Amino acid sequence: MTTTSRMIPDRLQTPLERKLKSWESLLMLVAIGIFIINSFASPYFLNVWNLSDATFNFTEKAMIAFAMALLIISGEIDLSVAAIIALASTAMGAAVQLGVSTEGLVLIGLLVGLACGAFNGFLVTGLGLPSIVVTIGTMSLFRGISFIILGDQAYRGYPSDFAFFGQGYVWWVITFEFVLFAIIAVIYAIILHMTNFGRAVYAIGNNATAALFSGIRVGRVKFILFLLTGLMSGVAAICLTSRLGSTRPSIAVGWELEIVTMVVLGGVSILGGSGSIPGVVIAAFVMGLVTFGLGLLNVPGIVMSIVIGALLISVIALPRLWSMWRT
Amino acid sequence: MKRRTFTSLVAGLGLAASMLSTTAVAQDNMRIALVVKALGIGFFEAAAEGANEAAGELGNVEIIYTGPTDTTAEGQIEVINSLIAQGVDAIAISANDPDALVPALKRAMDRGITVISWDSGVAEGGRQMHLNPSSTPLIGNTIIKLAADHMPDGGDVAILSATATATNQNAWIEAAKEVLPNYEGVNLVATVYGDDLSDKSYREAQGLMASYPNLKAIIAPTTVGILASCQAVTDAGKIGEINVTGLGLPSEMAGCVDSGATKSFAIWNPIDLGYSATMLAHALAKGAEAGPGAEIPMGRMGSVKLDDTNAAAMADPFTYDSSNIDQFKSIF
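Sequences listed follow chains A and B, in order. Numbering of the first sequence is given in our numbering, commencing with residue 1 and proceeding in unit increments. Numbering of the second sequence is given in our numbering, commencing with residue 1 and proceeding in unit increments.
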């Protein structure tokens, strides 16, 4: 009994080993490192209120990043998300002028987001156009409509209870936005990692043709993913508009690239087929901690962008360099 | 010597105010954040220079010069959040959006930070006071004075404005017409509109020269119009006959001043603006009350009186001519 069997591994790595060597662990180390450096670099960093304020740097972007992660895993991309925020916010602002209540505003924000997502989804899956081209176009289209409606004017006068979404606290220092961010993270983790739909997303990203022949309705899955991205942009529009208390057509300019950066930093392959929600969650924290920490040191914004860029390249390049060095 | 006694007086008053106020004032440096629309803009770099000058004069004041990379409200809110976190004593901001910054700045005020806006204002609820670079009557008077200064015997002048609906320019022209009787012999013959387009402004300037042969000066209260008029006068070979003046940017106008087509022009001085904003932020943080009618000192710039919306105008627009253009043309 004791001498008969030789150890034949049924997998290349033990589960623990695999977890330790994963992208998420590497990112977690980076996040912890940044946290420690920040605490030493600035005496103001370790303060619960300040950390609570800092979450605003990433919560809204991260909400969209989760939906974007699924879309990128499936091999598509949506660059119109920031423009959807602008259009949804403009629609809500226009509704305020007509005296619509807070519930109505939320509904309008979500519906406009969904409609924009459906439009993108139709162009990509219905007409078979490449998503990067379609969403570059709708990026100009959606924001252009906002500019036509508003020009250099602003919508203000949002009802006072509308402020809760972007400025309210659920308990002590925990903001409503942060709670929403956490709930959405859990929902997307379940969708991607525990459902058939999630497996289909991976399958499409790895090989859309094979997925189609395996009986996955590729077009429908992609359409739903565009709908979700539009919906999340609507949710982010509600939070951001509530936080700003006003709407201008320049709202959230440039966010699409920050959101894609967050997704890629989170370990999602830009070519599709792989990635995880926990990775994106940690990436959101990393980006939030870096910008907030540098902000406390009054580092100019352009240097922050350089740091984020360097972080992105090094975190992506390190594992590649590591494996090249090993072989 | 005079300035020294004045600042020590201000410091003395500030000290008295801080001893009277119940909140504990930290004994170390007072930190004043000068938040601008975006970093890397010459105008704001010059304002920061003025802020540092004020800090040097006040003593024990540290200036944090900061701002976002792009001129966005979201970027400025992140900056404000980090300033709140650092517990700065005062924030003086030139806003990218008058409304969107209000919630963030309100939070700053709730946490005991003095907040003022300067240059580009914040809506009333989001700041204790706002400092305008200048005021409509001051600008209206200045643009007429610039022309009159170089016309000792009087003569015909014309105004070349931006669009016919431009709120700013129309208010300035209205104010200019009101003070016109104070300048004997200066005769306003026409007001035309170049729509802030270079080519249209150029043609309108040509039209003015053709219609009014005795024209002595073109007044353009817009940076596009003044440059186009200068070009039109230069091309028509009328340098010396017609003086082009108004509001312009030193960097763009340097050539016109060198050629003599423009003898002098005006715009607000960013150094004075940064200096004054810092002085005001310091005074308020030391306990001065900002309310309608309040008069607040600002060092070498004198003092300002707040109007009903807690806003105030700094000074006459600053005049640029051949004596100082070289110093400022590299700044903005």
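Mixed in with the good hints, there may be bad ones.
[To be verified] Where chain A lies over chain B, by a calculated footprint (3+ residues, C-beta under 8 Å):
no.: 1; stretch: 56-67
no.: 2; stretch: 80-91
no.: 3; stretch: 318-324
Hint data in this document are derived by calculation from the structure and do not stem from the laboratory. Note that this is a predicted model, so its numbers are computed, not measured. Glycine included, C-beta positions come from ideal geometry on N, C-alpha and C.
Checked hints:
no., hint, result
1, 56-67, "holds (count 3)"
2, 80-91, "holds (count 6)"
3, 318-324, "violated (count 0)"
The structure fails to meet hint 3 from the earlier list, while all remaining hints are met.
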